[in-house]
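Novice: What follows is each chain in one-letter form.
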Amino acid sequence: MSGYLDAAAGLPLHPAAAEALTAALADGWADPARLYGAGRRSRLLLDGAREAVADVLGARPDEVTFCASGTQAAQLAILGGLAGRRRVGTRLVHSAVEHSCVLHAAEQHVAAGGSAQSVPVDRDGRVDAGAFAAALDGAALASLMTANHEVGTRQPVAAVAAACRERGVPLHTDAAQSAGREPIPPGWSLLSASAHKWGGPPGVGVLADRTGTRWRSPLPADEREHGRVPGFENVPSAVAAAAALRAVAAEADAEAARLSALVDRIRATVAATVPDVEVVGHPTDRLPHLLTFSCLYVDGETLLHQLDRHGFAVSSGSSCTSSTLTPSHVLEAMGVLSHGNVRVSLHRDTTADDVDRFLAVLPGIVAELRTGLEGL
Amino acid sequence: MIPLDQRGRRCPLPVIELARHIGDVGIGEIIAVAADDPAARLDIPAWCRMRGHDYAGETEAPDGTPVYSVRRRT
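So the sequence lines, in the order shown, correspond to chains A and B. Start counting the first sequence at 1; every next residue gets the next number (my numbering). Start counting the second sequence at 1; every next residue gets the next number (my numbering).
No wet-lab data here; the hints were simulated from the structure. Where hints are given, some of them may not hold.
[Said to hold, decoys possible] Covered stretches of chain A, as calculated for chain B (at least 3 residues, CB under 8 Å):
#1 294 to 301
#2 320 to 333
[To be verified] Coverage of chain B stretches by chain A, computed from C-beta distances (three or more under 8 Å per stretch; other residues unrestricted):
#3 11 to 24
#4 30 to 40
#5 43 to 52
Since the structure is predicted, the reported quantities are computational estimates derived from the model, not experimental observations. Glycine is no exception: its CB is placed at the ideal position from the N, C-alpha and C atoms.
Work out the full structure: start from the sequences and follow the hints.
Specialist: So this is what it looks like as structure tokens:
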């Protein structure tokens with residue numbers, strides 16, 4: 001039984017990862033760059049982790065590097081991808097609903113004299129592949145996520161990747177929400193992902209770059225991780241991340257079907273039992289485990305606290321829950337109701353019973369928060 | 001047209017006040033909500049969609065506050 005419904009923010013350590021982590025802490029502590037026995041053991045563990053991750057992501061082992069987080073992986077992909085294409089141009093094309101780590105990298109690029117073009121999304125949160133393609137001429141780099149972290153809508157990555165290939169523009173895809181849950185669409189040049197979203201330990205990001213992609217590190221030179229990521233590798237955590245990814249990928253199809261049915265149940269029940277609710281995100285072309293809705297006249301922060309009191313952990317894109325007091329840029333780009341917003345995201349420990357308990361308490365909580373507003 | 005001053009009030013309050021006061025204007029008439037909460041830019045058009053009113057666009061008050069116009073339809 002688990003009231004933790006915020007898988008999109010991070011997952012508890014997968015049992016396979018916990019086991020691998022303990023073993024690798026004992027065996028993989030030495031410097032993998034050293035040639036003595038303990039160093040070689042670390043190197044073997046790290047290379048094994050790299051192979052496992054590459055296999056699941058559809059990459060070659062030498063295309064995969066470990067770094068400190070999904071955010072760092074995306075920053076390196078964007079800034080390094082742009083640096084590698086400086087002779088061609090400086091324009092970055094991205095969707096309006098990319099994760100803030102991509103948008104902040106774009107801001108830095110613009111502040112340094114580059115340019116960025118944001119492609120709008122429809123009411124479901126999806127870019128039009130044709131509109132994205134039309135923005136690509138003369139672009140240095142494109143960035144489009146596999147699926148959105150706040151509303152679950154999948155993006156047309158394969159179609160955009162084909163358009164990028166025609167024009168010779170490398171495509172970065174942020175696979176943070178789908179890696180380990182769904183196959184990665186083909187055609188990317190740079191990929192970033194985050195291990196704690198699939199049940200690996202926090203503090204592990206994955207950056208992958210296709211052989212032949214022009215990429216130059218935006219950071220000072222360092223020999224670690226093929227010169228892509230500086231600093232001593234976190235071998236035990238990389239090993240644990242790989243173990244978790246292998247385990248979740250093996251059960252991904254069955255889990256996707258199970259969780260997707262639960263999300264359908266939440267979608268239908270919330271719409272039927274909570275008046276004046278706007279369920280947002282694409283109803284079918286979406287991540288299997290995530291659903292977002294907004295409750296009219298309800299304060300998102302209060303709703304989040306009330307759910308927490310009942311033992312449910314969810315997140316919210318409402319402005320009152322953000323440090324900047326602005327609504328989520330994703331909801332803004334979609335043009336949907338932003339207050340009273342709740343994101344529910346499920347995982348392998350979520351049972352049908354957990355979902356039913358959530359659905360049982362939600363209408364009463366919302367009704368209580370709307371006391372005095374009846375008839376509006 | 002009647003004005004509704006929601007300066008300094010955070011969402012969802014401007015939308016709640018708009019719902020309370022939409023009946024103050026006749027059908028086809030406009031209520032103009034001055035609101036500096038950034039969420040109002042999103043939530044007032046969304047409320048119009050959910051309640052079947054027309055969102056009639058954004059202007060700026062002399063003090064720079066955004067003003068969102070809503071035409072009552074029902």
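Novice: So, for every hint listed, does it hold in this structure?
Specialist: Status of the hints after comparison with the structure:
Coverage of a stretch by a chain is defined here by at least three residues with a beta carbon nearer than 8 Å to that chain's beta carbons; for the stretch 294 to 301 of chain A and chain B the count is 5, and the condition holds. Closer than 8 Å: that is the beta-carbon criterion, and the stretch 320 to 333 of chain A has 6 residues meeting it against chain B, so the requirement of 3 holds. Under a criterion of three residues with beta carbons nearer than 8 Å to beta carbons of chain A, the stated coverage of the stretch 11 to 24 of chain B is upheld, 6 such residues being counted. By the rule of at least three residues with a Cβ nearer than 8 Å to a Cβ of chain A, the coverage given for the stretch 30 to 40 of chain B holds, with 3 such residues.
Counting residues of the stretch 43 to 52 of chain B whose beta carbon lies closer than 8 Å to any beta carbon of chain A gives 5, which reaches the threshold of three, so the coverage claim holds.
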